[in-house]
Amino acid sequence: PSGDLYIFLKIKDDPIFRREGNDIYAEQTVSCLDAMLGNTIRVPVVDGETSIEIPAGTQPGHTVCLKGSGAPSLIGQVNQRGDHYVTINVEIPKGISNA
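Take the sequence shown: its letters are residues 3 to 101, numbered as in the numbering used here.
Be aware that one or more of the hints could be misleading.
List time: in silico SDA-like cross-link candidates among lysine to any residue, alpha-carbon distance up to 20 angstroms [unchecked claim]:
| id | residue 1 | residue 2 |
| --- | --- | --- |
| 1 | Lys96 | Arg20 |
| 2 | Lys69 | Asp49 |
| 3 | Lys96 | Val48 |
| 4 | Lys96 | Ser33 |
| 5 | Lys69 | Gln79 |
| 6 | Lys69 | Gly84 |
| 7 | Lys69 | Arg20 |
| 8 | Lys14 | Asp25 |
| 9 | Lys12 | Leu76 |
| 10 | Lys69 | Val80 |
| 11 | Lys14 | Asp49 |
| 12 | Lys69 | Asn24 |
| 13 | Lys12 | Ala73 |
| 14 | Lys12 | Ser75 |
| 15 | Lys12 | Ile77 |
| 16 | Lys14 | Asn24 |
| 17 | Lys14 | Tyr27 |
| 18 | Lys12 | Gly84 |
| 19 | Lys14 | Ile77 |
| 20 | Lys14 | Glu29 |
| 21 | Lys69 | Arg44 |
| 22 | Lys69 | Ile18 |
| 23 | Lys12 | Tyr27 |
| 24 | Lys69 | Gln30 |
| 25 | Lys14 | Val48 |
| 26 | Lys12 | Gly78 |
| 27 | Lys69 | Arg21 |
| 28 | Lys69 | Leu39 |
| 29 | Lys69 | Ile54 |
| 30 | Lys12 | Asp25 |
Beta-carbon label-pair distances, calculated as ranges [said to hold, decoys possible]:
| id | residue 1 | residue 2 | range |
| --- | --- | --- | --- |
| 31 | Gly63 | Asp15 | 21 to 29 angstroms |
| 32 | Ile9 | Ile98 | 54 to 62 angstroms |
| 33 | Asp16 | Gln79 | 20 to 28 angstroms |
| 34 | Asn24 | Pro95 | 32 to 40 angstroms |
Hints were generated in silico from the structure; no laboratory data involved. Yeah, the Cβ is synthetic: ideal placement off N, Cα and C, and Gly gets one too.
Construct all of the structure, not just a fragment, from the sequences and the given hints.
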């Protein structure tokens, strides 16, 4: 029989990732030392984990873009993916010890 087929998708909220279209947003906390001196850290992405470079002098709120690591397109080009944006939060020490 002919007719229309409607499919509705509901995407559950995730505690780590936030999706806007095909783009994924996440936050990652790094130590004050890593932000000052720079480091390579592992971050979760949709497909597992990847490494990102934290440049020396990174400020709180700095965003790193991982091109093509976002969600796959559900409409149009199936092989196209969005981007994954990681906002860097810097953990500031609450006190200094007398070492």
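Status of the hints after comparison with the structure:
Only pairs whose Cα atoms come within 20 angstroms are accepted, and Lys96 paired with Arg20 is rejected, the gap being roughly 29 angstroms. Restraint check for Lys69 and Asp49: the C-alpha separation of about 14 angstroms stays at or below 20 angstroms, so the hint holds. A C-alpha spacing of about 33 angstroms is found between Lys96 and Val48, which places the hinted pair above 20 angstroms, so the restraint is violated. Proposed proximity of Lys96 and Ser33 is supported: the alpha carbons are some 12 angstroms apart, at most 20 angstroms.
The hinted pair formed by Lys69 and Gln79 meets the criterion: a straight-line CA distance of about 16 angstroms does not exceed 20 angstroms. This hinted pair checks out: Lys69 and Gly84 have alpha carbons roughly 7 angstroms apart, not beyond 20 angstroms. With a C-alpha separation of about 16 angstroms, the suggested pair Lys69 and Arg20 falls inside the 20 angstroms cut-off, and the hint holds. Only pairs whose Cα atoms come within 20 angstroms are accepted, and Lys14 paired with Asp25 is accepted, the gap being roughly 15 angstroms.
Between Lys12 and Leu76 the CA atoms are separated by roughly 13 angstroms; this keeps the pair inside 20 angstroms, and the hint holds. With a C-alpha separation of about 16 angstroms, the suggested pairing of Lys69 with Val80 holds against the 20 angstroms cut-off. Between Lys14 and Asp49 the alpha-carbon distance is near 17 angstroms, which keeps this suggested pair within the 20 angstroms criterion. For the suggested pair Lys69 and Asn24, the alpha carbons sit about 11 angstroms apart, so the restraint of at most 20 angstroms is met.
Simply put, Lys12 and Ala73 have alpha-carbon atoms about 15 angstroms apart, close enough for the 20 angstroms limit, and the pair holds. Of the pairs offered as hints, the one joining Lys12 and Ser75 holds, with about 15 angstroms between alpha carbons and a cut-off of 20 angstroms not exceeded. Annotation: proposed proximity of Lys12 to Ile77 holds, straight-line Cα distance about 15 angstroms (limit 20 angstroms). Our distance criterion of 20 angstroms between C-alpha atoms is met by Lys14 and Asn24, whose separation comes to about 15 angstroms.
For a cut-off of 20 angstroms, the pair hint linking Lys14 to Tyr27 stands: about 15 angstroms separates their Cα positions. Our distance criterion of 20 angstroms between C-alpha atoms is met by Lys12 and Gly84, whose separation comes to about 19 angstroms. The hinted pair formed by Lys14 and Ile77 meets the criterion: a straight-line CA distance of about 19 angstroms does not exceed 20 angstroms. For the suggested pair Lys14 and Glu29, the alpha carbons sit about 18 angstroms apart, so the restraint of at most 20 angstroms is met.
The straight-line distance between the Cα atoms of Lys69 and Arg44 is roughly 16 angstroms, inside the 20 angstroms bound, and the hint therefore holds. Taken as a hint, the Lys69 and Ile18 pair is honoured in the structure, with Cα atoms around 18 angstroms apart against an allowance of 20 angstroms. For the suggested pair Lys12 and Tyr27, the alpha carbons sit about 18 angstroms apart, so the restraint of at most 20 angstroms is met. Pair hint Lys69 plus Gln30 holds up; C-alpha atoms about 17 angstroms apart against a cutoff of 20 angstroms.
For the proposed pair Lys14 and Val48, the alpha carbon gap of about 14 angstroms is at most 20 angstroms, so the pair holds. For a cut-off of 20 angstroms, the pair hint linking Lys12 to Gly78 stands: about 19 angstroms separates their Cα positions. About 15 angstroms separates the Cα atoms of Lys69 and Arg21, which keeps this hinted pair within 20 angstroms; it holds. Using a Cα cut-off of 20 angstroms, the hinted pair Lys69 and Leu39 is violated, with the two alpha carbons roughly 25 angstroms apart.
A C-alpha spacing of about 12 angstroms is found between Lys69 and Ile54, which places the hinted pair at or below 20 angstroms, so the restraint holds. A C-alpha spacing of about 17 angstroms is found between Lys12 and Asp25, which places the hinted pair at or below 20 angstroms, so the restraint holds. Taking the beta carbon of each, Gly63 and Asp15 are about 23 angstroms apart, inside 21 to 29 angstroms as hinted. Our hint of 54 to 62 angstroms for Ile9 and Ile98 holds, since their Cβ atoms are close to 57 angstroms apart.
For Asp16 and Gln79, the hinted distance range of 20 to 28 angstroms is satisfied, since their beta carbons lie about 24 angstroms from each other. Look at Asn24 against Pro95: about 38 angstroms separates their beta carbons, and that is inside 32 to 40 angstroms.
When held up to the earlier numbered hints, the structure conflicts with 1, 3 and 28 and fits the remainder.
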